[in-house]
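Peer 1: Spelled out from the first residue to the last, the chains are:
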Amino acid sequence: MFQVPTIADLNLGLTLPALSLALGACVLLLLDLFVPRERKEITAWLAMAGIAVSFVLNLAGFNESGTAFLGTFAADQFTGFLNIVILITAFLGVLLSLDYLKRAKIERGEYYVLLLLSAAGMMFMSSANDLIVVFIALELLSIPLYIMATFRAPDLKSEESGMKYFILGAFAGAFFVYGAALVYGATGTTNLPEIFAAVNGIIAAGGSQMFLLLMGTGLILVGLGFKVAVVPFHMWTPDVYEGAPTPVTAFMSVGAKAGGFAGLLRIMVVALPVFVLKDGQTAAAWQQTFWLVAAATLILGNIVAIAQTNVKRMLAYSSIAHAGYIMMAVAAAGTAGVANEATRAALLYLMAYMFTNLGAFGIALAIEKDDGSDTGVDNFIGLAKSKPALAAMMTVFMLSLTGIPLTGGFVGKWFVFKSALDAGLVPLAIIGVLTSVISAFYYVRIIVNMYLKDGEGDPAAGATRYVNWAIYVAFAGTLLMGIFPWIATNLSDTVVLAVEMFVR
Amino acid sequence: MLELNVQTLAFFVFALFVLGGGLGVITTRNLVHGTLYLILSLFGVAGFFVLLSAPFLAVVQVLVYIGAIAILIVFAVMLTRSMTSLHEVVNRQWVLSTIVAVLLFVMLTVTIILPVWGQDGSLAGQPVSEVVATTTDLGKALVDGNQYVLPFEVASLLLTAAMIGAIVIARDDE
Amino acid sequence: MENLPQLVPLVVFIPLVGMIINLLWGARLGEQWAGWIGSGAAILSFLVSFLLLTYLTGSNYQSVVVNPPFLDGWLSIGSINLEIPWQQRVDTLSVTMMLVVTGVGSLIHIYAIGYMHGDERFPRFFAFLNMFLVFMLILVTGNNFLMMFVGWEGVGLCSYLLIGFWFDKAKGVGWKNSLAARKAMILNRIGDFGMLMGIFLIFWTFGTLDYYKPGEIANVEYQEHLVAQLTGEHGEAAAPAEGEHGATTTEGEAAAPAAEGEHTEAPVAEGEHGEAAAPAAEGEHAVGPAIPEYVNNDHIATDQLGVFGKAQRMLEDGAEVNFGVVSLPIETVLVLITLFLLLGATGKSAQIPLFVWLPDAMAGPTPVSALIHAATMVTAGVYMMVRSNVLYHNAETTSLVVALIGATTALAAGYIAIGQWDIKRVLAYSTISQLGFMVAAVGIGAYGAAMFHLVTHAFFKALLFLGSGSVIHGVEHGHHDVSHGHDHHHDHDFDPQDMRNMGGLRNKMPITFLTYLVGTLALAGIWPFAGFWSKDEILADAWLSNTAGGYVVLAMLVIAAAFTAFYMWRQIEMVFFGKPRTEAAEHAHESTPAMLWPLVILAFFALLAGFYNVPANAGPFTIFGFFEWLFGGAHSFTVFLEPSVAYAHAGEFQGGIAAVALILALGAILLARRVYGDNKSVTADNTDPLYVNPATRQIWSLANARLYWDETYNRLLEQPFNAIGNFLAHTLDWTFWHDYVHEKVVGRGFNALGDLLSSPVDLGIIDGIVNGLGRLVSWLAGGLRRIQTGYVRTYAITLLLGVVLVIIILLLPMLQSGS
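For the record, the sequence lines run as chains U, C and D. Going by my numbering, 350 is the number at position 350 of the first sequence; the sequence numbering is gapless. To convert, count from 1 in the second sequence and add 504; that's my numbering. To convert, count from 1 in the third sequence and add 678; that's my numbering.
Honestly, the hints are just simulated from the structure, not real lab data. Incorrect hints may appear among the rest.
Anything over 10 Å on all C-beta distances counts as not near chain U; from chain C, calculated [said to hold, decoys possible]:
# : residue
1 : V510
2 : G526
3 : L544
4 : V604
5 : V614
6 : L618
7 : A659
8 : L661
9 : A665
Only some residues are given here: those of chain D computed to face chain C with a beta carbon under 7 Å [to be verified]:
#  : residue
10 : V1278
11 : L1483
12 : I1487
13 : L1490
14 : M1492
Glycine included, every Cβ here is placed at the ideal spot set by N, Cα and C.
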C-alpha cells in the first residue's frame, strides 16, 4: 500500500546535524561559483561556518535519541559523540588546509565541498542503522577522500596516492557489499536491530545459515578494516598518507578511522553481539578474529614504524598501530556485558587520537616545504631552537601518542586496556602494553631530534596563523583530555550502544 | 533435484556468458577485445536478472552498463590507442593470485551452498519469487514507508561528490 | 593545627609556580632572579613540609588524606565503577619523604646558583629542577598508585631532560650526553612496563588503587596501643600507662562497635574532610591530642578499603582472584604484583638487572646527579616498596628475590667502584651499591631500616656529589687559568672529572675537603657518623631475620661495606692527598659561598642524622645510653614511621655485628691508605697501583671494565634485538609483504640484511636500530619506488590473502564444532 511518509514519520529533527552538513556542502558548491579565484579563503570560512552550524545542532540534540527515516537512521549519544569527533576533525582539517593549499598552489573551492561531503559521509556512517546505509555512507566518505588525495596532481606521488587508494578502496568496498549480502541472505533483513532479532533464531536452529552469517561478518570486517587500516588490510596506508597533501592525510587519518570504527561498532555491537556458535557462550563468534587482527595490527604497526624516516610514513604506521588499539576495544565489545564499556573506550580513544594526531600532522605540515618536500624525521632536528613553542607542543603530541599520563593518549589507552581486561582478553592487553612501550622508540626519536641534536632548526614557514590555531586547539584538547578526562568521560558515559539482552 | 527445463537451460547459457566473458577479459591482450568480453559478461548478468523476475533491473543493466559504461570504456580505449594491446607480461604473481583466488572461491562456494544442500538443507527447495517486481514497486520502495529513502538521498550526494571529483581531476588549470 | 594538612597541595603547587615563572619569563628575569625564584620555591615547599611535620607530632601521627581543591574526582567514571581520586596523603612516611626531597632539594638549588653560574640556559635548568620537585612530590604525596605512576613518569622525564641538559657540548661530548639520557629513558621504560603491569594487576585484584581510603588505619597495632595509652591517661590519670595495657585494650575494643553504629558511612564517604581519623568530638579534654575514634578497620566494609587493607582482608579470607581463564589464590597474585613492582623499582632505583643507566646518567650537571641520581629520584623505588610493605610482607618469594637482588647489587657495584677513574662515576656506583643496601633491607622485611638508610644516604651522598662538583669546578677553573696563562694551551682532552688529574687539593680547597671527609666517613659507616647507624640497622635486621637468605644477605652486605670504605678512601687519597698531578690541580681554588654553605649544612646532617634512630642497649656505641637520652629515645625514627608503615619494626642492636662491620671498614680504610697513601695513588704510567701489582691486576681490571656488564647487555640483548628488528621491518614488511615475488629485490634485500648483520652494530640502543634500519629502509624505498606501478596488485593480493585468513580463522571453530 503506497503511503507518502509524512515529515513526522521521517523524524527529521534527529537527522539535522548530518543533513545540515550535507546541505551545507551543496550550498557551498553553489556559493563557490561567486567567490573570486584569488579569494578562496572565503569558501573555507563558509565551510567552517557550515561545520559550526552542524556542531551546534549536534550539541543541541546530543541527548535525544531515536530512529529516523523509518529505522534506517539512528541518532543517539554514540552518534552525538562521534559527530563531535568528526566535526572537530573537519574543522581543523579546513584550518590546516587554508594556507597549505595556497602555498602548494592547488587552491580550489571544490576542495572544501569535498571535505564537507566526506565529513557528512562519516556522520551518516556514525548513525547508520542499516547495512545499505552503512555501505552508501562508506562510499560517500571515501570517494571525496580519493579525490582529495590526488589534489596535488599533476604531482606524481599525489596522483599515485589517490589512484592506489581508489583501486584498493573499491576492491575492499566490494567485499563489504558481498558481506552485507550474505548477512541479508542469512537473516532476511538489512536493518541492524532486525538482524539482531534474527540472529537468535539462527542460533536456536543451529542451521548452516550460521556459515552465511560468519562469512558475512568476515567480509564486513574486511571492508571496514580496510578503511580503518588494520593488518592485513593496511598496505595502502603508508603510500597514500605519504603521497596525499598533508592536510588531507591529517583529515583522513582521523576521519576515515572514526567513520570506519563507527560502522564496525554499530554492526558488531548492535546487530551481532549475540552471535555465538553454541548456545550459552558469552563471547561473540567474531571476537577471536578481531582479537587476532588487533594483535597483528599492534605488533606490525608499532615495529615497522620504528624503521620509518619520513614523518608522514611514520605517522601512517603509527595510525595503523592506533587502529590496533581501537580494534582491541572492538574485540572487547564481543564479550557479553562489556560491550558498552568497550564502546566508550573506543570512542574516548578516538577522541584522544583525533586531537593528538591532528596536532602532530599540523606540525609536520608546518615544517613541510611548498613543494611537499622536507617531511623527514631528520627535518625535526633543532626545532627546539628555531621554534620552541612548536617543539614543545610536538613533544606533548608524541608523549600522548606514546600514552604518557597527563595526556589524552594515556586516558584513551587506560580505558581500552581496562575494557580488554574486563572482557577477559588478558594476552591482548599485555600485547597492547608491550607494543606501546615499543612505540616509545619512534615517538621519542622525534623529541630527541628536536631537543638533543645539533642542527639549524627548520624555520617552519608553514606555521602560518591558521595552522597555528589548529595546532593550538589540538594541543589544548590533548592536554585537557589528559588532565581533566572527566570532561570527555562524562560525555561518553551516556553512550549506550548495546542492548543488554543476553537472555536467550 | 535439478529439473531440465527452459529456465535451467537459460541459466546455464547465461552462466556461460558471464564466466566466459570474465575469463576473456582477464586473458586477452587486446583491450578492445577485452571490452567486448566485458559486454558479454554484463549481458549474462542482465539475463540472470530476468530469470530472477526482475525485468526492470535487467533493462537497466543493459542500458547503463552496456549502453553507457562499456561504450565509454570502448571510447576511452580507442582514444588512447597506444595501449590497446599489451605485449609484455607484467604480472608475475599470477601463480599466487590463482591459489588465493581458488581458495577464496572454494570457501565462498562452500559457505553459500551448505545452507542449501548442506547438512540440514535449510534453504533448499525455496522457489524463486514468483512476484515480478515492477518499476512502480521499485519507485515506491525508494520513497515509500519502506526503508530506502535515506540511502537514495545519500547516494545522490555520493554521485555529486564523484562528479565534482571527475571534473576536478580532469580539468586543466587555465 | 587541625587544618594544617590542608596545606599539602601547596607542597606541589609552589614548585609548580616556580617552574612556570622560570619557564616563561626566566630568560628575561636574569640569572639572579631565576635562581632565587627556583630556590625560593624549594625552600617554601620545605617550610610547608615542616609545618606538616609539626601537625603530625601534635596529633599522635594520625594520617590524613587531603582532597586538593579543583581536582576532586580526577578519574571517576560512575558507570564502570572506576574511581581514582586525586588525593594527597599526609602521614609519617610521606612527610619524611617530603622533608628529604624539599630539604636536600633546597640546598641543592642554592648550590646550583653557584654551580650553574654563566650557563646559557640557566633559567631553564631551574625550571627543570622545579619541575622535578613537582613530580617527585606528586610521587610521594599521592594516595594511590596512579598518582605514584604520574610522578614516576614525570621524574623520569625530568631525569631525561636533565641528563641531556648539556646536549650541545662541543667535540661529541654533547652527543654522548644525549645518548646517556636516552639510555636512562629506555631502561626506565622497561621498568615502567613492570610498574604498569603491577598497577593493572592491583586494580584487577582489588578494584581500587588507593593505598588507604580516608579514615582507614594503616597500622592497627599502633592505633590500639595509642588509644589504650590515651584512654589510660585520660580516664585514670594516676595509673601508669604500661600497666593498664591489657585492660584498656579491651575497653577500646568495646568502644569501637558502639561508635560503629552511629557513623559507619560518614568518615568514608566524605572526602571533603578526610581527617576522620582525628575527629574533634572525642577530644573533650583540651589537654593533649584527641583520641582516635577507631582502633581498627573492622567498621569499614571490604569494598570500601584501600589496596592494603583489602589485601589483608583477602589474605584472612583466603580469597581467590579470577582472571577469566584461571583463578589464583591471593598469595600467588601478591607475588606476581610485587614482582612486577620490583621490576619497576629495579629500573628507577638502578638495581640489577637495569642499573647500567645510572653511571652514564652522571653526564648531567652535578647538582642533578646529587638531587635526582643520588638523593631523591632513585630512592623512589625503595619508597614504593616501603609504601607497599603490606604486599611485600605477604609475598615471601618476592621478598627473597628482593633481598638477593639488593645484596648482589650492593656487592657488584661496590666492587666496580674500585676500578673507576671518574670522580662522579665512583660516586654513581657507590649510589647503586647503597641503593642495594636499602633494597636488601626491604627484602629482609626491615622497612624502617630501609627508610632510615634512605634518609641518611640522601644527606651524605648529596654532600659527596656536591663536594665532587665543587672539586670539578675548582679543577676546571684551575685549568682555565692555566691555559690562559700559557701560550700553548693543551686544551685537547683535559677531563676535569678524571681523578688522575687531581691530587693535593686538601690545601687548595679546605672546606670542600673537610666536608668531603665527613661524607666519606659517613658513607664508610664509621662511628658515630650517620652511615654507621643506618647501615648497622640493616645488618642487624639481616642477622635477626634468622633465615638462610638473611645470612647470605648479611655476608654480602658486610663485604660490600668493606668495599665501600676502600673505594671511598681511595678517592680521598687520589683527590685530596698527595701532590697535585696537573697544573690545573695546582691552580685550583675554593668555590663560592653559595656552593660551600650547602656543603657545610649537609655535612652537619651527615654527622647528626644518624642519632635520631640510635638503637637501645647499644652499650659503648651510644656511650651507654647517652645518645638515647640526648636525642629523645631509641629508634625514634622507626617509631615515627610505624603509624604509616605497618611492618616497620625496629631490630635489636647487635653489638658483635656492629663491631665486625666497623673493624672491617676501618681495616679497609687502612688498607686503602697503604695502597694509595703517600703520594702513590697514581703510578708513573698513569694507572692504579693495584693494576701494577701482578697479584691484584686481574681483580682491578675486572672492576675497571665494570664486570663487562654493559658489553654483555650489548651482546645478549641489543644485538639480537637489532637483528629481530631488522628482520621484522625488513623481511616481514618490506620483502615478504610488499614484494616477495620480485626476486631481484629479495636478493638485494637479503644481501643488505646480511651486510648489516655481519657488520658490528655497536651503537646506542635506539641508534643501532634506527640508523641501521633507517639506512636500509630508505635505500630499499628508493629502489622500490622505481617499480611502483607493480605495487597496487601486490597490495590487492595481500588484501585477498587477508580475506582468506580472516575467513579461515572465523570458520575454524565452526568447523570444529560441526564435526
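Peer 1: None of the hints should be skipped; say for each whether it holds.
Peer 2: Against the structure, the hints come out as follows:
no. : hint  : result
1   : V510  : 26 Å, holds
2   : G526  : 14 Å, holds
3   : L544  : 21 Å, holds
4   : V604  : 12 Å, holds
5   : V614  : 8 Å, violated
6   : L618  : 4 Å, violated
7   : A659  : 5 Å, violated
8   : L661  : 6 Å, violated
9   : A665  : 5 Å, violated
10  : V1278 : 77 Å, violated
11  : L1483 : 10 Å, violated
12  : I1487 : 12 Å, violated
13  : L1490 : 12 Å, violated
14  : M1492 : 10 Å, violated
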